[in-house]
Amino acid sequence: MAQSRKPQLFLLLPVLMLLLLAQVQGARPAATTPAAATKKAAKCAASSVEVETVNTGDKAGYDAMFEVTVRNRCACAVRAVSLRSEGFASSVTVDPRLFRREGRDYLVGDGRRIESRATVRFRYAWDRAFRMAPAAVHDDCS
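Residue numbering for the sequence shown is -26 to -1, 1 to 116, as defined by mature numbering (1 follows the signal peptide of the UniProt record, and there is no 0).
These are computed hints drawn from the structure, not numbers from a lab.
Each hint should be verified, as a subset may be incorrect.
Unchecked claim - In silico DMTMM-like cross-links for lysine to aspartate or glutamate, where the CA-CA straight-line distance does not exceed 20 Å: (1) K33 <-> D69; (2) K17 <-> E89; (3) K17 <-> D113; (4) K33 <-> D101.
Work out the full structure, taking the sequences as your base and the hints as a guide.
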């Protein structure tokens, strides 16, 4: 008679383990919900800033005019956005509140806050477009 109960216990044991595991998994603290985890992980890196340079077709003397759009693709606002652009020069004045040299890099938008999906645009003129890449950013994620 003891042997006839043994197979039943082997079937019952995995069911009890699954029930226990399901109960433990369901007892998570509220701070680790998917929405809270996404908000905490929403830190912005320099790679969350997109830089696009377009030849406008306008001329400044013999130089082509370029418009640069710096877009914040992070879910949070960012500030102190810096771009790296080796050898940058312009034959027209670039508004320093929009783009100016700060040490090795260039500060965008006077270092002010750029909201999520917002842009800062500036123009420059030269005989060619300069490569610009995000160098640093500080996020305002809460």
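Against the structure, the hints:
no., hint, verdict
1, K33 <-> D69, "holds, 18 Å"
2, K17 <-> E89, "holds, 14 Å"
3, K17 <-> D113, "holds, 6 Å"
4, K33 <-> D101, "holds, 10 Å"
The structure agrees with every numbered hint stated previously.
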